[in-house]
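Chemist: Required output: the full structure, derived from the provided sequences and hints.
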Amino acid sequence: MKFLIGIVFLFQTARVWSAQSCSRVAYINYQEVLVDSSSSVRGDGLKFYLNRDPIAKEYLHVYQEQSKPSKNSAAISTIGIGISLAGLLTSKDQEGIFSRNALVATGLGVIILNLFVSKTMLYQNEKNLIRSIDEYNKRNRPQIYFSPYKDNEENGGGVGVNFGYSNSF
Numbered sequence: 604m605k606f607l608i609g610i611v612f613l614f615q616t617a618r619v620w621s622a623q624s625c626s627r628v629a630y631i632n633y634q635e636v637l638v639d640s641s642s643s644v645r646g647d648g649l650k651f652y653l654n655r656d657p658i659a660k661e662y663l664h665v666y667q668e669q670s671k672p673s674k675n676s677a678a679i680s681t682i683g684i685g686i687s688l689a690g691l692l693t694s695k696d697q698e699g700i701f702s703r704n705a706l707v708a709t710g711l712g713v714i715i716l717n718l719f720v721s722k723t724m725l726y727q728n729e730k731n732l733i734r735s736i737d738e739y740n741k742r743n744r745p746q747i748y749f750s751p752y753k754d755n756e757e758n759g760g761g762v763g764v765n766f767g768y769s770n771s772f
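Be aware that the sequence shown starts at 604, since it is given in my numbering, and climbs by one per residue.
The set of hints was computed from the structure by calculation and includes no laboratory data.
By construction, the Cβ of each residue, glycine as well, lies at the ideal position given by its N, Cα and C atoms.
Heads up, a few of these hints could be off.
[Stated by the list, open to error] With a straight-line Cα cutoff of 27 Å, these simulated BS3-like cross-link-like pairs (lysine-lysine) come out:
1. K671 - K650
2. K650 - K741
3. K660 - K730
4. K722 - K660
5. K660 - K671
6. K650 - K660
7. K650 - K730
8. K671 - K730
9. K674 - K730
10. K650 - K674
11. K722 - K650
12. K722 - K671
13. K660 - K674
14. K741 - K674
15. K730 - K741
16. K660 - K741
[Said to hold, decoys possible] Computed Cβ-Cβ distance ranges for the label pairs, DEER-style:
17. I684 - P745: 43 to 49 Å
18. K722 - L691: 23 to 29 Å
19. L637 - K660: 40 to 46 Å
20. F651 - N704: 52 to 58 Å
21. Q634 - S702: 56 to 62 Å
22. D696 - L637: 51 to 57 Å
23. A705 - Q746: 55 to 61 Å
Modeler: See below:
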């Protein structure tokens, strides 16, 4: 039962993360532009503007390359699933490191740890998109206004702090 609750929790959190990345918008000339126009290439909605500036283009390229799914992450998750399945196939009588509970817990731990590490890396990669937009805004018009933090009003409000600064001459 605990295993089933854990699986449902992981699917729910994955659904929330996917909804956040698909609905990000930037404002250009008072119009909303989707930042992630496709589900496979993040930041692609701003590519038309950011390709005008060579430094911004480089940061966008780094952002998009690091946002792609990693083969290493997929391999580690597959190993975690394999360890858990091996635990389920182990007899209940075996004790020690290779006991049923130890293998299932180890496999799930590997999967969850890999999930948190990959999400942390994606979160840290967002700095490259922000740098790309900042570099573009220094030298080009129209300005791109983008806040990586989604408003929480449609979810019944929330607690948080957001600070914006705009400088024009």
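Chemist: Does each hint hold? Answer for all of them.
Modeler: Hints versus structure:
no.	hint	verdict
1	K671 - K650	holds, 16 Å
2	K650 - K741	holds, 16 Å
3	K660 - K730	holds, 14 Å
4	K722 - K660	holds, 24 Å
5	K660 - K671	holds, 17 Å
6	K650 - K660	holds, 8 Å
7	K650 - K730	holds, 16 Å
8	K671 - K730	holds, 15 Å
9	K674 - K730	holds, 22 Å
10	K650 - K674	holds, 25 Å
11	K722 - K650	holds, 23 Å
12	K722 - K671	holds, 12 Å
13	K660 - K674	holds, 25 Å
14	K741 - K674	violated, 36 Å
15	K730 - K741	holds, 16 Å
16	K660 - K741	holds, 13 Å
17	I684 - P745: 43 to 49 Å	holds, 47 Å
18	K722 - L691: 23 to 29 Å	holds, 26 Å
19	L637 - K660: 40 to 46 Å	violated, 19 Å
20	F651 - N704: 52 to 58 Å	holds, 54 Å
21	Q634 - S702: 56 to 62 Å	holds, 60 Å
22	D696 - L637: 51 to 57 Å	holds, 56 Å
23	A705 - Q746: 55 to 61 Å	holds, 56 Å
The structure is inconsistent with the numbered hints 14 and 19, although it conforms to all the rest.
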